[in-house]
Each structure stands twice: as structure tokens, then as C-alpha cells.
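Peer 1: Given the coordinates of chain E, work out where chains V, H and D should sit on it, guided by the hints.
Protein chains in written order, with the numbering used here: chain E, 4 to 389; chain V, 51 to 330; chain H, 11 to 448; chain D, 1403 to 1833.
Since the hints were made in silico from the structure, they are not lab data.
Treat the numbers as computed from the prediction; the structure is a model and nothing was measured.
Be a bit skeptical, because a hint or two may be false.
When the alpha-carbon atoms are kept at most 25 Å apart in a straight line, the in silico DMTMM-like pairs for lysine to aspartate or glutamate are as follows [as the list claims (entries may be wrong)]: (1) V/Lys105 - V/Glu263; (2) D/Lys1582 - E/Asp310; (3) D/Lys1547 - E/Asp350.
Here are some chain H residues pointing at chain E (derived, C-beta under 8 Å) [unchecked claim]: (4) Asn344; (5) Ala353; (6) Leu361; (7) Glu363; (8) Leu378; (9) Met381; (10) Ala385; (11) Asn417; (12) Arg443.
C-beta: ideal position from N, C-alpha, C; glycine also.
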Amino acid sequence: MATREEITDRCQALYDDLTFTAAREWKAAKDGRHVIGFMPMYVPRELIHAAGMMALGILGGGDNLEVIQGDAYYQSYICRIPRSTIELLLTDRLDFVDGMLFPSICDVIRNLSGMWKLLRPDVYSHYFDVPQNYDREVGGEFYIHELGVLKEDLKISGRKITDDDLRNSIALYNESRRLTRELYQFRADKPWLAPSSEVYLINRAGMLIPPEDHNQLIKDYIAAASEEDRPKRDNSRVVISGSFCEQPPLNLIKSIEMSGCYVVDDDYMLVNRWFTKEVPTDGDPLKALSYTFLEASVKMPSCFEPDEDNKGQFLVDSVRENNAEGVIFAATSFCDPALLERPILQDVLNDADIPHISFKYAENTGQMQPIREQAGTFADSIKLWS
Amino acid sequence: MTITVGIDVGTGAVKTVLFKIDGDDITWIDKQTDRVRNREPFVLAEAAFDYLLEKHGLTRDDIDYVATTGDAENIPYSTGHFYSMTTHARGALYLNPNARSLMDIGALNGKAISMNEQGKVLKYKMTSQCASGSGQFLENIARYLGIGQDEIGELSKQADNPEVSSGICAVLAETDVINMVSRSISSANILKGIHISMAGRLVKLLKSLKVTEGVVMCTGGLALDSGLVLALNEAMAKNKMDMPVVSHPDSIYAGAIGAAIWGAFRHGKLTQAETLAKAS
Amino acid sequence: MKCFIGIDLGSTTTKAVVMDENKEVIGRGITNSRSNYDTASAVAKQEAMIDTRFTLLHKKLDGYDKLKGNQEVFLHDLERNFRREQFVEQLDDLQNTCLRNAEGERFNTVRTDLTEVLSSVFDTLREESLALYAKGAKRKSDFFRDIAGGRFLTLSEDFSKQAGINYDYALNVYDKSIIEVENRPPAGNLEGKFFNGLNNLTKESPEFGITFEDVQGLVKSALAIELEETFVVGTGYGRVRLPFPKDHIRSEILCHGLGAHMMYKDTRTVLDIGGQDTKSIQIDKNGVVDNFQMNDRCAAGCGRYLGYIADEMNMGVHELGPIAMKATKVVKINSTCTVFAGAELRDRLALGEKREDILAGLHRSIVLRAMSIIARSGGIHDQFTFTGGVAKNEAAVKALRDLVKENYGDVTINIDPDSIYTGALGGSEFARRAVMEA
Amino acid sequence: MSAPIRKPSTDVQKDASMAKQKAMIDSNFDRLGNVKNSGEKVSYTFVPGNLNELIMCFDMVGNYPEINAIQNGLRKKSGGMIMEAEKWGHSEDVCTYVKTDIGMMRKGNIGPTGQPIPEPDILMLSYTGCYTFLKWFELLRHEYKCETAMLHVPYTGDGKITKSMVDYVVKQLKTEVIPKYEKISGVKFDIDRLRENLANSAKAEDDFVWVLESAKNKPSPIDAYFGGIYYIGPIFTAFRGTELAVDYYKTLRSEIEERIRKGQGPITPEGEMKNEKYRIVTEGPPNYTSMRDFWKMFYDEGAVVVASTYTKVGGTYDFGFRHDPSRPLESLAEYCMHCYTNRNLPERTRMLESYINDYEADGLLINSIKSCNSFAAGELMMMREVEKRTGKPAAFVETDLVDPRYFSAANVKNRLESYFQMIDQKRRAGA
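Isolated chain E (complex conformation) (with noise of 0.2 Å):
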């Protein structure tokens, strides 16, 4: 078996691929392969899956990418991830993929969505909505046809997509779900054995290469890091908010622990565990999504809260559910659903007493020292008082 360090080694390797290769190597392996890119955030893998397709995250160009066009595309003032995506796009390293899929995110991927179709009119791309209402016989039924309409449009990998595939690939996800939960509770428990800058490489790498290896990926690596032996050290534990999108460096994940806290809950990369609940694997599996959707999704910025009182409650239950003693808002920088929604959960939590402090970042924030300046000051106040 793997060890550890060949685990996470081969996880640092996706992540600083800029071309996915790994990507590249499973379509030319087989005739009539196809990929479906996909911006952060939801979009129902389990159809791509049962298309015979990749589903692969697009999650911007990080700190290695030197982005030209891409700058020449965006005023200053917009977040730095469509301007590297296009820069990936553009530099043609994005060439290999067959279809993108701009989910609901935000005006700005929204209108990304708009951009494809005038840069790349041959490839298909598609801007894939979902409901903001939640109910069965409105959202849920819109959002079926939706469901439906891209099924059909994944066509294009040649197959036909029955019922029985997407009941499969439901359950291969649901697996996928299930194990990504157990590795962030491996971490909330023993954060000292599972370091975030780690369980966020292992996260990530589920974005780049097929589920069935991915899941295999994280038991291993669940299995190796709990043999492991390694210091616990005298950190705080924190709950991160509102990285949902766009990245940040994996030197930002790091410094937040060097400066002395641990991470035991985050919302990077939610597409990895977006249902809150297992998707049935019998019946109608377009209703299964589309009620599993409307009724156990994550709460997060992009998504309207239809009860009010319930407003930011998510974000109390992770605090409480993972003993965390704050929590630490890191938003993109011109992130509009992030930044407008963070004075709500800031009030949601000051009513809950939980201590939170936030700061933005960039893809290539280059400086950490504001940021362990920050996160430290949190850790001190633990090591003071606690």
C-alpha cells in the first residue's frame, strides 16, 4: 500500500499540473473518451459519470499561472479566477476538454459562461442553472428539465445514458460523499494527523481524476495517516468560511496552521460533499437528484435561504458538531456572494458567541504575512486563555 507521503506527493503533482495530464492520459486511453470541465461549485456529476465522461474541476490557474490575456479580459476590481481560467483556456491547456459547465455561482462565472461561447463557438459549453425556489412541483420540477436538458446534451459522448447507469454513478458518488465526510472527520478528530494543507490535496486531486480512483485514494490515505505517529501541537481549531470558489494558495493553507490553528471544518471544494444525505438510488434518479438537491445541498453564499431564522445556523452546527473555537472567514478578494453574505453569519455567530476573524485572499496572494498575523493573534488568544 501507499505510504503517506507517496499519497500526498502524488496529490501535490495534480495540483501543480497545469495541463492536466492526468486528465489528458484517461481520454487518450480509450477511443470516443470524453471531459466535461466544470467551474466550483455543483453540478451533477453523476450524469457525466453515466455518460461515460470525465468530470473535471476547473479551479483556476493558482500562483504558478502567469496570466496575460486573462488580465486583458477583467477590470482590477474582478476576482482573479476567471481571468486565470481564461488564461488556461487561452494558452490552450484546456484544449483536451470536451464541454464546460458554468454552474450557478455568481454574475461574474455566469457571464464566464457567455465568454466561452464567444471565445470557443465549437465547443459546447453550457451555463447549468439551478433553483433558488425549493419547492417539488416549481424548483423541483425545473430542475428536472434542466437535469434533462443536459443529459441530452451529453450526447455528444456518443452514449445514452439509462436509467440504470445514472443509478450507478448515484452510487459511486454517494460513496465518493461518504468518504470525503470521513476524511474531514478524520481531520476534525485528529487534526494533528491529518494536516490541511494534506486533506485539501487529497480533496482537490477528486477534481482531477475519476471518482472510482479518487475513493480508493482518500481510504488510503485515511489508512496511512492513522498509522502515523506525528506531534500534536498546542493550536486552536478553526472552522474556514467562504472559500468556496475560488482557491487559495496551498502556502495560505499552510500558514494559517503554522501560525497555530488547526482546521477542522472548511468549504473548499463543496462539490466533493454538496449532498448532505444520500441520493436514492431507486426510482426516477433525475427526481432523486433534483429532491436530494432542493432538500439536503449545503448551505453556502450562492444558495438562497428561504427560512430566516435558519440563516448562517450551518455555520454554528459546524462550530458546535467539530468543537471548533472560532472561525475564520477567508474570502476572495471582489468575491460579491461571499463578502455580502459575511456580515450575516458575523452576526449569526456574535449571537452564538463563537469568535471569528476574516481576511481575503487572492489565488496568488503572494504575502502571508498579514495572514499569520491574523490567524496567529487567533491562536495566541487560545494559548492565553484557554
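Peer 2: Then chains V, H and D, alone, in the frame of chain E:
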């Protein structure tokens, strides 16, 4: 009794203090500032450390806790590191027991911090993004105007018709200032304008912490700029925040002081734990 | 004679170009823009007029047999000697101003020492001026502030240390005085400086076989030609502040486009990196602007960025390029904010990166920003011309060549040593057209 | 703003529509200020995709936070409000419309005209064209704890409106919006009343489109950006569906017919535009805090805006859409989806292209707004496309709607001057 050293490595200067602490009895023995000015800060820090020890007939072994703060996480001879908001809060409280919040005004960013009567950081807010309105910017403009750092405050207080620059970007704001000079706006009014915009930003930060009582302490490199302190008080009044903003001649030592005091505190905790461990 | 003048009032430097009726450039002048725009344009114009005198003298010397084809060298040496005269003149002015400013109250406690420090500094500077303007000597800048300032800082630090006073005092006196000196247009007596220079030259270089009296007459006659300011066109960032009527003002976009076209008639894309503006301009075969883009509200990645970095490293902005050229690798710099780049630089130094490698990264990051603006304006079309102050920086030019090649393949890249005058050149041509083609 | 320079005979008519417009907008503020006495219930909603005809069926008075922000911007009050919101913890990065509103609320909710803005009885989240709206009303709901009706309007990402989309919106109207309005207002929904209102809307829309298209004349009798802002006031807000609006657009139309007959250019705050030198199409909202300065930069150069996308934020009527009394709810659904920023980028690009061609414009000017990502993200792409397709040059300036910190006059003027001089130079070269 505990002897501690606090070392604060900042962008502009290294501050070093020596303390003797016996429970609540805190004695400040000595202090030392070295402006960095393109020298290696860690070399300055170590030299100052040794200098203070030698001056007081001490050796490194005599020090119970060497506490660092600022950009000094990796100093090898340090016992422990505290982050600057933690130390500034404690330092401010030491300098003024009525302080319940502080504004730390450094070269690149400003911070507003609220704390309780024990010096625990409750909330904070930092400036970010762009550097116009930072201490560095003020320093650049003063140099451009041919005004010494220690002259800025008095000059700014003489302003009769301050000119506030609109610029969001420091470079563009600099051009605004050049334009002001070409329109014969006096240096006093230009500096006051910068003070006003800096004060506006800082008070905005403070206001968002929702502090309503106690004294607001100025710490950090610009705390001695009396013009800025005046502008801060004016901005407080304008925002209907009824708290005095004060500075202290030793405000620049706030971080180092806080580090030394927390070091002693932590030392106490650690020895206690050790004693307990031995006993059991 | 008729003179058509273009003045480009930039945020850091002001440039002037003098053109004659035959579309020939006969003079160029440059100065720091600093605080007084009127003075800056007057100084730049004056400098261009001095340069014009040299051109005129050149014409007079053309048929002068006694120099036997050494006219170019002779003129060059004469100009060098002239510049030294100018330098010493300004040095005297600076010294007097410094001494006057040292009278200020805040220097009460240190006055005696301070005055001594200042005197020692200026004595040294005057001595050094000989070497500075010696034959074959390289000067890092043409500006008085840069030449005198850099040395002043170093010398006064040393002398202050010897005198046991804080170096801040001398620094402060200098900061106060240099502005005053810069804002005073140089003194008139052109002929005096020409003659002194000539005198020095004949002593310094007997090998020309020329005596003072030999060329005195030619110089006199070159100086006697009446130069008429027929039409002046202002352009550049500060153009709105010039006391010119509207039809004497052109946007710097048009002027840069036209100027680049005059230097390279086949150029189609022009990049200008100025102090706080970066412009990418597309022009057609007649130098008419087709499209342009400029940086946005934030001055990230403009020339001033280098100024901040130089300040941060306590060196002259002209020294950055040569150091960066020594890099063995390019450190990635992500901060686009001019001021925060300084913080990132410190971060990298603290992490043990080498200064030259970081500087190489900073240069690349400036050019990256420029590449985005070029892309915004429609990319690079052969031929490509790079102008502006940053075009003199070899490390920036290298980064540009690399990036142009990476992104656009093999493209002819034009960089004229006088490219900083591009805008003023375009302006002078507009001035000429306003009169000659009206 | 100071009064335009008046010229006795012709401008009296102009003033008639201007005065009428102002009186209408003011009357809504009066009505809002008076709810304590009148007992009217208050509904907050947004401009794009607003359901004014429907809200009127419940005898409720509409408050438009965006309009308040604009009016506060024009009155130079927004800067302080934004600062206020930032003091309360809002990020410097986010939309300043929201922050102006939150800041106004924090400062006691006194509206731009000095009258109090009443608290909402219901927040109508006509969620169109912008995710920020969603957050905005969640913030208000968090504050007021009042009833909130959410209407999710699907984005036309593939450039078309499908039956499923229409059904979805209609169902939401039936199950979410109408029941909540009935509950809050105590008024039973009457579909015939809605039909009547929609019929009025369609009438006004015809005249409104005529007004916008009058800019095809040379010289253009209107400025379709700066002037257009006044023309859209009634139809984009509380008056669409009223007879007042029908009347206003009729008056406006006859004034403009008169101007065309006389060959006159638009009226600007600096006086009548005498010499139409440049015909420009604009993309993006204007800047409200320095609108007069901004407009003057156009006036000084003889530039007239002949078509703008901003006047389509509340509906793209000039591309054929009309409210239809015979399909009341369906037509409301389609209206919402037809708003400019709910259209995908290829569609928006096509619109701009057609404006340049149909209005015989000299070029495209994009005023990119820091606050509005719906507009701004992708504008540089559209700019390139439009340049490529029309061969006409484009220029790009950056400001903000209501944040005075983002209007750098020297910067904008420099770009505009350069742009107009470039067009001029090209023209001369071509001649």
C-alpha cells in the same frame, strides 16, 4: 521573579525591551530602538538584545523568556513568539490602563483592535488592498515635500484649509499631491489632507469594532505623529464616537512591551505545568 | 529660423523636441517633472534649445577643415564640458540653498556640525564632478537630482557618521533644497557656459589641435541665430495644466502614435510604459491611431513601480536593470500593487531569495501587466515599438523580448535610444503641420 | 445640478416632460413618506425584472432601493452612506448600490428627498440579472425580519427563453409571489386588473421605444445615455402600468417630434448640443456622483450618445418585447428574462453590434462600473468582438455608479479626449 525580553521586529525599526516581572509588579528596565534603514533586521535585533544584556550585567541564561513579535517568527534564540495584535493590545494596556482599543499604524497597513481589561484581543480590523493612506505613503510625500518625519505633526496642525486627495492608488495619489504643489497648496494643508484620509480609514475600522468605552491608544511607528493623532480625534468627533485617542511617548514600544509581559505570563504557566508534572 | 516644438509633460519627466521646417529634429531636452509643470516645460524647452544650438554648431563645423573629420567627437566632448559647467552651476546653487535651509530652527543643536558636513559633501561632489564628466566616464542619469542626489546621500551618511550627528538632518536639508533648485530654471548665460566648456576642452584635449580662438567665432555665430518658437504643441499626462490654447494640445495617444510612426514608418503596435501610465497603441501605415488601451485606475506595473522598488532597496532607479540582468532565475512576484511589491520584496529577501533574482521577477511582472494591456488593445502587429522611460531599462527590455517571443513569436522589436522623446516628437510634428500644412 | 440654459420658445416643451418626470418620481417619494398616514403597505423591489403591474394589483406602494441609491448619488450623499456601511463591516470590494442602501438605513432611513423611507412589509426579490440582489435582500430581511418573496428568474445562458423557464417563473408567481402579496396586503388577486395594467404598459412601451429610436435621426434629438436616464425613470419603476406613464411618454414623444422637425440636437445641462460631432454607443451604467462633469466631457467634444444598453436594464423593448394583457403571467415571466443583464454575452454583443450599425455610430464607449459585475465582467471581451465585427473603435473607462471614490475626473477626461481625438484623426485620414 521573571526577567523577560521583548523583541519587536518591524518594517521600519527593531524595538527591544527588558522587563522584570513579579506577579502584578511589572518593572520596565530598559529599551532600545534601531531604525532598519536597509540593514538586516535580525542582525540589529540580536545586537540590541546582547547590548541590553551586557548593559545590565546579564547573560542570555539569565533571561526567563525571550518573546518575539512582528516579523520575527524564526529568531532562533527566542523562547516564544506572539503575534503583533496580541502584543500591541497588552502593550497599549500597559501604557494606559484605560485603553480598551488601539490603532496600530504601521508603514504598510493600519489596524484597529479592541481588547478587554486584561489585554485580550476581542476584535480587530485591518486595512488592506492598496497602499494609499499608509504610513509609507505619508513618509514618501513628506520626503518629497522636504519635511522631516518629526516635523510632520506640528506642520499638519497648522493647516487652515486641508486638501484631501481622492486617489485610491498610492501612485495616483502621489500625482495628486504633485498637482497640489503645482497649485501652491501649502505643505501643511497637504499633510493634513493625508492625515485626514488616514484618520478616516482608521476610524472607520475602529467604528466597525463597535467599541464604545475607554481610551483609544495609538501604537506603532506613526503613533508619535501628533498631527495624525489630532486628525484621529477630529475624525472620532465627526463620527460621533465619544472616546479620546491618545498616544504615549513609548507607543512605538507597545509590541515589544506586550511581548515581554506575555512572555512572563506564559513562563509562569509553563513552570506551573512543569511543577505539576514533577509533582505527579 | 522657424522652430516647431512638442512638449510632453509626463508624470515623472518632461520632454521637449524642436523640429525645423524640413521636418528635421534639431533639438531634444528632458527634465524631471516634479512639482511645477510650468517650470518643467520651460526647463525641457530650454534644454531642447541648448541641444538645438549644438545641432546648429554642428552644421557650422561641418565644413571646418581643421577638425579633419573629428567634428562628431569634438562636439560630443564640447557638450560634455558644457554639461559639467551646468552641473557645477547647479551644485553651487544646491549648496547655497542647503546652507540657507540649515539655518532652520530645528537644526539649532547641530548647526555647526551640519554645516561642516554639508561643506565636506559639496567639496567632494565638486571634486568628483571632474571625474564624473571626464572623457569616457559613464553617468547613470542625465538629471541633476539623480547624479548629485545619489552621491549626496552616500557622502552625507559617511560625513554625518564622522561628525557624530544623525544622518536624518543632512537628508532633510537635502530634501528641502533639491525641490527649490529643481524649480528654478537654470541661469541664462549660455554663451559663458559654452565658452568655459570650450576653454576646458581645448586644454583637456590638445590632440584636436584646436585653440579656443579657432572656434570661438563659430560658436558665437551658432548662438546668434534667432530661434523663433513658431508653434508649440503640448501633450502628456499634465497637458491640461499647460497654459496653452486648446488647439495647441494633443492627446499623448495621438502624439505617441505619430512619433513612433516617424521613427519607424512600418510600426503598427506601440507600447509606452511611462511613470504612471502604460499605453498600448495600434497605428496604421500613416501613423493614425486605430485603437489604444491604457492601464486602469490602479497604477500597478507602471514605471513608478521601479521607483518604489529602488527606494525600497536604497538605490537609484537606473541601477535596477543592470542588477536584474545578473539573475540566474526569475522569482515570481505576484503583488501588482506598486507599494505592496516592496513588502513582497522584503518577504522574498527574508526567505533567502537573491536580490537579482527578485529584481528580475519584478521587471517581468511589470512587463506582464503591459502584455495584458497590449492584448486588450488587440495584440502585437509587426513591427512593434517600445517607448517610454522604461524602454531604457535593459532588464525590462529583456523581459519584454522574452514575453513578446513567447506570445507573438518572431516580431521586429524597435527600441530607439531616444524613445523617451516619442510623444514630444509627435507633438512637434503636429506643431509643424499646424503651420506648414494648414 | 444647475438648470439647463433655457431658450424661450423651444425649451418650454422640453421642460414639460422633464417637469412631469420629476413630479412623478417625487410623488412616489411623497407616497412612501406618507404611509404612516395613508396606511399603505410597502413593497421593496428592484428595477430589473420588477413586477410593478402585479404589485399595483395589491394597492401597495413600491420602494426601489436602487433608485434611492441613484438619487442619493446624484445628490452627492452616497459617498457618506457607503462609508457608513463599510464602518458596519461591509467590504470595500462589494457593490456600492447595496452599501448606499445599507448606509442610508443605518443613518436613519431618510430618503434622498428628505422624507423618511418606510420599513418594508414585503421584500420582493425579483432576482434578475444579478446575484447581488439576492444577497442585498437577504441583508434587508436580516435587518427587518419581514416577509420575503423570492422569484428566481433563470438566466438565458444559451440565449433563449424556453417553455420550462417560463413555466417555472409563472409557477413561482402563482405559488410564492401572489399568495404572499395577498397575505400581506389583504387584497385578493384580480387578474383582470393585472391585464389592465399590462395594457397600459404596452402603450407606454411603444412610445418609449419610439423615443429611443429617434436617435437614429441626424442630428439625434436625444442623448440616449445621459438623457436616457431621465426617460427610463417612469417606465422602469413605480409607474409602468399606470396611465400617468402612458401620458408621460406621449408628451415626451411629441416634444421630440418637434425637435426632429426643427433639426435640433439634445438638451444638456450645458445647453443645447449644437454640433453633433461624434455619435457614440455606450455600454454600462453611468456614474451618478459626477454625472454632470461626465456629461460635460461629452458635450465639450460634441459627442452624443445615440444608443445605450443601460436604458435596457429594465427591459429590452426595442428588440420587440411588449407586455401582453392576453398572457398576463407568462408575459411578466418573459419580461423578467428579457432584461439586459439577464441576457448572455453573445446576445449582448449582438445588441451592441446592431446599435453601432443601426444608429450609424462612430464607436463604442464602455463605462465599466466597479460595482456591477453583471455588467462589467466580460465587457472587455464584448468590446473586442464589437470592434472586430463593426470595424469601429471602442474606448474603455472605469468609474462607479455611486461611489465618488471611483470617479477620477482627470483620468476619465484624458481617455475620452484621446478617444474622440482618435476618431477625429481617423476621419481626417480617411477624408
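Peer 1: Decide, hint by hint, whether the structure agrees.
Peer 2: Verification of the supplied hints:
This hinted pair does not check out: V/Lys105 and V/Glu263 have alpha carbons roughly 41 Å apart, beyond 25 Å. Among the hinted pairs, D/Lys1582 with E/Asp310 is consistent with the structure: their alpha-carbon atoms are about 14 Å apart, no more than 25 Å. Between D/Lys1547 and E/Asp350, the direct Cα distance comes to roughly 14 Å. Compliance with the 25 Å bound is thereby established for this hinted pair. Restraint check, H/Asn344 versus chain E: the minimum CB separation of about 4 Å is within 8 Å; hint holds.
The beta carbon of H/Ala353 is positioned within 8 Å of a beta carbon in chain E (closest approach about 6 Å), and the interface hint is therefore held. Interface hint at H/Leu361: violated, since its Cβ lies 10 Å from the closest Cβ of chain E, which is beyond the 8 Å cut-off. Restraint check, H/Glu363 versus chain E: the minimum CB separation of about 12 Å is more than 8 Å; hint violated. Interface hint at H/Leu378: satisfied, since its Cβ lies 6 Å from the closest Cβ of chain E, which is below the 8 Å cut-off.
Interface restraint check for H/Met381: the shortest CB-CB distance to chain E comes to about 5 Å, inside 8 Å, so the restraint holds. At about 3 Å, the closest approach between the beta carbon of H/Ala385 and any beta carbon in chain E falls short of 8 Å, and the interface hint on this residue holds. Annotation: interface hint on H/Asn417 holds; nearest CB of chain E at approximately 7 Å, less than 8 Å. A least Cβ separation of about 34 Å between H/Arg443 and chain E goes past the 8 Å threshold, and the interface hint is therefore violated.
The structure fails hints 1, 6, 7 and 12 (numbered hints given earlier, in ascending order).
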